[in-house]
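Novice: Sequence lines, in order, name chains F and R.
Note that numbering that gives the first Met the number 0 has the first sequence beginning at 0, numbered continuously upward.
Note that numbering that gives the first Met the number 0 has the second sequence beginning at 0, numbered continuously upward.
In short, the hints are calculated from the structure, not lab data.
Ideal placement from N, C-alpha and C gives every residue a C-beta, glycine not left out.
Everything hinted at is true.
Derived PhoX-like pairs (lysine-lysine); straight-line CA-CA distance at most 20 Å:
id: 1; chain 1: F; residue 1: K285; chain 2: F; residue 2: K221
id: 2; chain 1: F; residue 1: K184; chain 2: R; residue 2: K68
id: 3; chain 1: F; residue 1: K299; chain 2: R; residue 2: K65
id: 4; chain 1: F; residue 1: K82; chain 2: F; residue 2: K168
id: 5; chain 1: F; residue 1: K70; chain 2: F; residue 2: K167
id: 6; chain 1: R; residue 1: K159; chain 2: F; residue 2: K148
id: 7; chain 1: R; residue 1: K211; chain 2: R; residue 2: K114
id: 8; chain 1: R; residue 1: K195; chain 2: F; residue 2: K148
id: 9; chain 1: F; residue 1: K148; chain 2: R; residue 2: K156
id: 10; chain 1: F; residue 1: K197; chain 2: F; residue 2: K184
Chain R regions said to be covered by chain F (calculated; three or more residues, Cβ under 8 Å):
id: 11; region: 47-53
id: 12; region: 130-138
id: 13; region: 190-202
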Amino acid sequence: MTNNFEIIRAGVNTTFQDQGRSNLYHIGIPFSGAMDNRNFSLANKLTANKLNSPVIEFAYQGPHLKYIGEKINLAVTGDVVFKIIKSGTEIEGNCYETYQIENGDEINLISTNKSVYGYLAIGGELDLKFQWNSCSINTKANIGSNNGKKLENGQKINILKINSDKGKKKTNYINSKVENIRVIKGPNFDYFSEEGKKIFFEKEFCVSKLLDRMGMRLDGPKIENIVNTNIKSEGLIKGAIQITAAGNPIIMLSDHGSIGGYPKIGVVASVDYDRLVQISPGSKIKFKAIELSDAETLFKLYEMETQNLISQIL
Amino acid sequence: MIKNISNLGDAAVYCDFGIEVNKSINSEVIKYFKALKKENIESINNLTPSYNKLIVSYDLRKTNFKEVKKLIENLNVNETQDKNNTKIEIPVCCDDQFSLDIKRLEEKLNINRNKILENFFSKDYFCYMTGFIAGMPFLGDLGENMRVPRLETPRVKVPKGSVALTEQFVNIYTFESPGGWNIVGNTPIDIFDNSKEVEPNLINPGDTVVFKQLSIEEYNSHNDK
Numbered sequence: 000m001t002n003n004f005e006i007i008r009a010g011v012n013t014t015f016q017d018q019g020r021s022n023l024y025h026i027g028i029p030f031s032g033a034m035d036n037r038n039f040s041l042a043n044k045l046t047a048n049k050l051n052s053p054v055i056e057f058a059y060q061g062p063h064l065k066y067i068g069e070k071i072n073l074a075v076t077g078d079v080v081f082k083i084i085k086s087g088t089e090i091e092g093n094c095y096e097t098y099q100i101e102n103g104d105e106i107n108l109i110s111t112n113k114s115v116y117g118y119l120a121i122g123g124e125l126d127l128k129f130q131w132n133s134c135s136i137n138t139k140a141n142i143g144s145n146n147g148k149k150l151e152n153g154q155k156i157n158i159l160k161i162n163s164d165k166g167k168k169k170t171n172y173i174n175s176k177v178e179n180i181r182v183i184k185g186p187n188f189d190y191f192s193e194e195g196k197k198i199f200f201e202k203e204f205c206v207s208k209l210l211d212r213m214g215m216r217l218d219g220p221k222i223e224n225i226v227n228t229n230i231k232s233e234g235l236i237k238g239a240i241q242i243t244a245a246g247n248p249i250i251m252l253s254d255h256g257s258i259g260g261y262p263k264i265g266v267v268a269s270v271d272y273d274r275l276v277q278i279s280p281g282s283k284i285k286f287k288a289i290e291l292s293d294a295e296t297l298f299k300l301y302e303m304e305t306q307n308l309i310s311q312i313l
Numbered sequence: 000m001i002k003n004i005s006n007l008g009d010a011a012v013y014c015d016f017g018i019e020v021n022k023s024i025n026s027e028v029i030k031y032f033k034a035l036k037k038e039n040i041e042s043i044n045n046l047t048p049s050y051n052k053l054i055v056s057y058d059l060r061k062t063n064f065k066e067v068k069k070l071i072e073n074l075n076v077n078e079t080q081d082k083n084n085t086k087i088e089i090p091v092c093c094d095d096q097f098s099l100d101i102k103r104l105e106e107k108l109n110i111n112r113n114k115i116l117e118n119f120f121s122k123d124y125f126c127y128m129t130g131f132i133a134g135m136p137f138l139g140d141l142g143e144n145m146r147v148p149r150l151e152t153p154r155v156k157v158p159k160g161s162v163a164l165t166e167q168f169v170n171i172y173t174f175e176s177p178g179g180w181n182i183v184g185n186t187p188i189d190i191f192d193n194s195k196e197v198e199p200n201l202i203n204p205g206d207t208v209v210f211k212q213l214s215i216e217e218y219n220s221h222n223d224k
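Chain R with its partners taken away, still in its complex shape:
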């Protein structure tokens, strides 16, 4: 349920679903996101779901805060939303050349490399949201024994395909970008395909992701294909 609706500037509505980050709150956000998307309202020009907020941007030339707020309050949110979200397998190589922060992880977590990788690859991850850079998925949750803060000084350039950890979350850098997450490996596949106008994202909010470990040979031959 939406706890509070307020304005974000003069061209967006800020829907607050709470402060915690968990699947049940995020599922509510996604439910509202999907319901609004389905309505396809001309004056609404963007929707941004995140862990526990939904931002609804509108064209101030066509409508205003009061009207959009009312529309959200009266929205018919279908309780039997589709549950058929997809499960996606992402191959990841954790060779030394890719796992740039493995030493830092070993120190911070006080467990060895093999155990870190075992923990990482043994879980299913839920996609809470995508964004920051095009197609970047924010996945969770890492186990309690796998949580580390961001780097003190972010990297200016994180290589494309990097798979990285921070707190309870995992993300994948879909493009080379600045970033402060702890890099554990690299995927050879494109998570965002900018040549596709329909579904350019491989991973969408609500999807489940499992990671499969690749050897360096498998990683290299994957790129040859």
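Looking at chain F on its own, in the form it has when it is part of the complex:
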């Protein structure tokens, strides 16, 4: 029999994600891939996987899984409350630490803590369908593994191969919260009144409940458009901030529509993307303008830090 996990409870928004798929915007397919790239990579490193291997991504409430098979390693990253259940005994789980489980053991990913996404990596090769070199599930176009649909109760996750490296790994990473999201001014910046621009960079906005892998809508003071509330539809990218006709910001996230017709006031700097996606509904955010050259330098530093974190896990 194949080693496998049975999904006792799938959770609300559970998908397989890897590094995503590129070079398909022109036919309407976004990058997708793990929302929080740093936590995705760390989860894989902790389980001795290749860094871009598929993992289970969940939002708010994660899955509850039961394992049938030979010994295998698991690791959870993010800020997640979870339990490992070994022959009826519950163990309080710690993120950024490898757990070895065996036949009959369970893992219950109860919830993310003041954040949105968590990651569960399994130390081995999962039996998943790849489409355009990625198993990332895009529920909008039904692309990727699991026929492009979220995971459901009762399904099985089959393991093709278990990693031979079963060493216990650990790191002491703490997810930092961001006070300000840094933004590079967009091509339609001058569509907005002086007052509107001031509001955008000085006032607080609240992350609304309309938040998913496609986008983040914000509530708050209205941003006045003085040119046109529509532009001729054009390409969008991850982190682009559109202002709707009603004057509210929408930030494009990894599964966003490839083109859009609202003016773009700015784009979130790449350095802040991993932390942006972890901001939960009801939280307040503020934007801060930065120059392109600063954004490039900050991203380099952030990437070096990520690489250091990865290399510290042996």
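Starting from the known structure of chain F, fit chain R onto it as the hints suggest.
Specialist: Then chain R, alone, in the frame of chain F:
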């Protein structure tokens, strides 16, 4: 010609070809798109052509704005691009159950249903771009007497296959999706085939589309096949 090259955030280049929407500007965009695609540059991870813009996304771990901008400026854009874009016939049924906004169109355009359909089916349409949702083609141009704005309140769910109008454009909903365009009919064929990795799009930028009217019987038997 590109009028202006600027940055869009820190991981994309924004190539502006102008503000108007017409075939000649769009053909320029497609020419640059094809030339860049052909170069197959490893650090460039996405290209998004639209009516009059081309967005070039890149991997900030491998390159930066300055380098990609230079690359675009020095790009050898072949002037004798292939002209053999395909002409595609799309069958559309405008039975009452599909033409959800025909009454609104009659009111806004002040012409009757038969005339609307006659106008709609008598034209060839040029594909400016595809996207928003996977494979959705943006086609044009509708005649001056056929142009209406978007719905005041968009639908939460537009049925898959809906053929819809807004301003000078026609599009086809390749998946069920929210949307605010005026629905005139429905096509029984798949415009995007998500089981194909090569050419999943039936219609590509630069292609010509003609619509062929189906009766409800023909529509139903089309689905049986």
